[in-house]
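One letter stands for each residue in the lines below.
2 protein chains.
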Amino acid sequence: MESAPSLTARRKADTRLAIARAAAARFAEHGASRVTAEAIAAAAGVSLRTFYRYFPTKEDAVAPLLGIGAASWQDALAASPPGDPRTAIPEIIDHLLIPAGDAEREGLRWTRGLLRAMIEDPALRAVWHRVNHDSETRLRAIVAELEGETADPFQVRLLAAAATDAIRIGLEHWSESDADPDGSGGTPAALARRAFAELSSGVSER
Amino acid sequence: MESAPSLTARRKADTRLAIARAAAARFAEHGASRVTAEAIAAAAGVSLRTFYRYFPTKEDAVAPLLGIGAASWQDALAASPPGDPRTAIPEIIDHLLIPAGDAEREGLRWTRGLLRAMIEDPALRAVWHRVNHDSETRLRAIVAELEGETADPFQVRLLAAAATDAIRIGLEHWSESDADPDGSGGTPAALARRAFAELSSGVSER
DNA sequence: TGCCAGTGTGGCACGACGTGCCACATAGAA
DNA sequence: TTCTATGTGGCACGTCGTGCCACACTGGCA
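Taken in sequence, the protein lines are chains D and Y.
FYI, in this note's numbering the residues of the first sequence are 1 to 206.
FYI, in this note's numbering the residues of the second sequence are 1 to 206.
These are calculated hints, taken from the structure and not from any lab test.
Be careful, since some hints might not be right.
To be verified - Not close to chain D: a few residues of chain Y, all C-beta gaps over 12 Å, as computed:
{"no.": "1", "residue": "Thr15"}
{"no.": "2", "residue": "Gly31"}
{"no.": "3", "residue": "Ala43"}
{"no.": "4", "residue": "Tyr54"}
{"no.": "5", "residue": "Asp84"}
{"no.": "6", "residue": "Leu108"}
{"no.": "7", "residue": "Arg109"}
Claimed, not checked - To be clear about the criterion: a stretch of chain D counts as covered by chain Y if any three or more of its residues have a C-beta under 8 Å from a C-beta of chain Y, and this derived list gives those stretches:
{"no.": "8", "stretch": "128-136"}
{"no.": "9", "stretch": "158-165"}
{"no.": "10", "stretch": "189-203"}
Every value quoted in this text rests on a predicted model; they were computed, and no experiment measured them.
Positions of the beta carbon are idealized from the N, C-alpha and C atoms, including for glycine.
Start from the sequences, fold in the hints, and give me the full structure.
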């Protein structure tokens, strides 16, 4: 385990999360364009200048809540045995989309409302796509390493795209489905696994 | 055919194209963040205020040159016989990615340099993803109509995603490949067709 | 306990973005 | 020629994001 984080480190993490939550709540309710960075900063109890030390952009403030950024892939891959990407990727998908205890307890999780806002709001959609793009880039490197030097770069690219698209589509479809618990199509993880299975089945192994 | 466009209409089209070209040249050379809207406007011979009447955003100024936006899909679909999406989509891909005479003559075409800038520059990448997202949305409606009411919405979604991803990946891969004429992998259209074939082969028909 | 270096924070000013508003100029119809 | 509609430029404004400096506090050391 990691040694006790210092007081300052904990404070920083708290501030970061406070800003993210304040931003998410306001964005989901009013739309990103009608919320000023000033308002988010005030709600989180920091100055405007400090807000921009934590996040490069007003919209980026919600990114930590998504939990599917490039950083998360590191953990997911570490927790999953390396081997054939075709079997490793579905496990990674589960790891990313099924909220673990810690993450959920700490509120580091998307909701339907936040996802809807991320997809429908033009400014947030840019963040959404950037996060997915970063995932694809990260995954491309991982797959390339698993496959070895003999792999066709184009195949690698297709596989990485299929995986990140599967996650994206799974979450988008789920966010649009009716709000009964997990009805009409299943959980995000299940949707994403299905999407990956269908998209990747035509990508030949080598 | 369309009746003779009025003088004003022609002037507007010229201005629009002049702005797009001025923006593309500067973005590709210096990066979007180091080019002011003011500079683009001046280079195109219009005021800053007029610039923002043509484009909602500084970065959006290059979008007309991409030729794969939602508007282009209308033409492509009109030129292709409706029927099974699986056979119609590759034709649409060709129509979008193989420069027609008119478009090329008018300079309405991407180059490797512009594409590279679109993908590598953070601000332009947002536009790139937005354009692709709009394509996917448009295509989703088209496929849904072709398939009829019995189609599974999730399948429709997968098919549309496979198609737009195929185009995106084809162009991205081509822009990164070495600059010999069309060496090392083929034309963007060929790459995109191959990508679509592999990604869509696992998406069952119904 | 008292001092000190390192680091996180706030305030301020600034260039750039994007928009509402109004005044002017020009194309095309009467 | 006169009139109307539409495209353009100028100006002011709120907001964004950043560089710079001064201050406060944490954590280590004597």
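Of the hints stated earlier, which fail here? none
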